[in-house]
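Letter by letter, the sequence shown follows residues 1 to 345 of my numbering.
Please note: incorrect hints may appear among the correct ones.
As the list claims (entries may be wrong) - Across the chosen pairs, the derived CB separations fall in these ranges:
(1) Asp56 <-> Asn211: 23 to 33 Å
(2) Arg306 <-> Thr166: 37 to 47 Å
(3) Asp236 <-> Glu159: 11 to 21 Å
(4) Arg256 <-> Ile199: 16 to 26 Å
(5) Lys103 <-> Asp237: 26 to 36 Å
(6) Asp90 <-> Asp239: 31 to 41 Å
(7) Asn135 <-> Lys307: 39 to 49 Å
(8) Glu73 <-> Pro231: 18 to 28 Å
(9) Gly229 <-> Gly309: 37 to 47 Å
Honestly, the hints are just simulated from the structure, not real lab data.
By construction, the Cβ of each residue, glycine as well, lies at the ideal position given by its N, Cα and C atoms.
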Amino acid sequence: MSTSQRWTLAQAKTLFDKPFLDLLFEAQQVHRQHFTPGEVQVSTLLSIKTGACPEDCKYCPQSARYHTGLESERLMQVQQVLDAARKARDAGSTRFCMGAAWKNPHDRDMPLLEQMVQGVKAMGLETCMTLGMLNDRQAQRLAEAGLDFYNHNLDTSPEFYGSIVTTRSYQDRLDTLSKVRQAGIKVCSGGIVGLGEDIRDRAGLLVQLANLPTPPESVPINMLVKVKGTPLADNDDVDAFDFIRTIAVARIMMPRSHVRLSAGREQMNEQTQALCFMAGANSVFYGCKLLTTPNPEEDRDMALFRKLGINIERRAASEGDMAQQTQLTGQLLAADTPQYYNAAR
1 MSTSQRWTLA QAKTLFDKPF LDLLFEAQQV HRQHFTPGEV QVSTLLSIKT
51 GACPEDCKYC PQSARYHTGL ESERLMQVQQ VLDAARKARD AGSTRFCMGA
101 AWKNPHDRDM PLLEQMVQGV KAMGLETCMT LGMLNDRQAQ RLAEAGLDFY
151 NHNLDTSPEF YGSIVTTRSY QDRLDTLSKV RQAGIKVCSG GIVGLGEDIR
201 DRAGLLVQLA NLPTPPESVP INMLVKVKGT PLADNDDVDA FDFIRTIAVA
251 RIMMPRSHVR LSAGREQMNE QTQALCFMAG ANSVFYGCKL LTTPNPEEDR
301 DMALFRKLGI NIERRAASEG DMAQQTQLTG QLLAADTPQY YNAAR
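Based on the provided sequences and hints, a complete structural model is requested.
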């Protein structure tokens with residue numbers, strides 16, 4: 001999936017400055033060159049450990065530094081995660097993403113995380129995790145367990161980043177993406193629109209993503225969900241056309257990546273979402289909640305897909321996946337143990 005094109009900030013800014021309809025037309029043309037039109041990849045995201053995060057990301061209600069009314073929860077049991085994955089698969093999801101509110105996982109977490117990956121993969125689902133920063137060995141262990149994707153967002157441009165997060169550096173995020181890639185795991189990385197950034201910052205974020213040695217296979221574009229108690233709770237609303245522009249520019253700059261319409265869909269009407277799909281978005285999170293924030297319910301998504309003539313992209317399982325499914329189905333679904341601890345401590 002690597003591409004030889006290196007994008008400059010000026011080139012990205014030129015795309016953002018295009019007339020809106022011209023930009024959408026170009027993005028849709030690029031999209032059709034690389035993907036089947038009218039198909040959307042559907043993922044489900046589950047918070048496997050909620051709250052009490054030591055980080056200070058100003059947008060996040062899971063930070064222990066802010067009073068958002070969110071109660072911290074311990075790491076879920078493996079069987080609970082597998083039950084949720086089964087429901088997601090039966091509802092139509094093809095990828096199951098597991099998120100934990102950590103700065104980084106501890107080595108004591110790894111056996112349980114590996115069991116989760118193996119058990120979900122045994123159901124025929126693609127697997128994704130977002131656990132914070134990883135070291136080389138942790139990335140390798142997740143790869144050996146069969147993890148397909150690892151999510152670690154860059155959030156915004158390097159220049160604006162320090163205004164939003166101080167507890168980990170931009171380079172820390174890039175280093176984690178490098179370790180994930182070196183371990184053989186596909187990369188999911190994107191950012192957030194509405195943090196207080198300007199167009200130049202949005203362009204800078206997409207330049208960083210597109211110019212990675214291999215662009216991310218998945219690029220989630222989030223609209224800020226403003227949560228009372230976080231420092232960004234009173235930010236201005238994101239203009240819908242500005243958000244759609246960001247989707248379109250991401251599609252043009254990363255033509256082979258799945259561009260995911262991610263957090264903030266609950267705030268969007270059907271017309272805005274339709275224009276996002278026209279702009280090249282071809283992946284969504286599906287289900288009632290994204291970690292701790294609302295998301296459109298499945299029935300509403302299906303109704304919108306029918307209106308737009310959108311079909312769910314089906315995953316073609318490889319022979320290796322099928323062999324692993326046969327081997328693991330019996331043994332891993334019952335692999336839960338009492339070795340759980342309160343990860344919020």
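Verification of the hints:
1. As the Cβ distance of Asp56 to Asn211 is approximately 27 Å, the hint placing it in 23 to 33 Å holds.
2. Range check, Arg306 to Thr166: Cβ separation about 45 Å, and the 37 to 47 Å hint holds.
3. For Asp236 and Glu159, the Cβ-Cβ distance of about 20 Å falls inside the hinted range of 11 to 21 Å, so the restraint holds.
4. Checking the proposed 16 to 26 Å range against Arg256 and Ile199 shows it holds: the Cβ atoms sit about 25 Å from each other.
5. Distance hint check for Lys103 and Asp237: the Cβ-Cβ separation is about 30 Å, which falls inside the suggested range of 26 to 36 Å.
6. Under the hint 31 to 41 Å, the C-beta atoms of Asp90 and Asp239, about 37 Å apart, fit the expected range.
7. At about 46 Å, the beta-carbon gap between Asn135 and Lys307 stays in the expected band of 39 to 49 Å.
8. Remark: the range hint 18 to 28 Å for Glu73 to Pro231 is upheld by a beta-carbon distance near 23 Å.
9. Checking the proposed 37 to 47 Å range against Gly229 and Gly309 shows it holds: the Cβ atoms sit about 41 Å from each other.
When the structure is compared with the earlier hints, no violation turns up for any of them.
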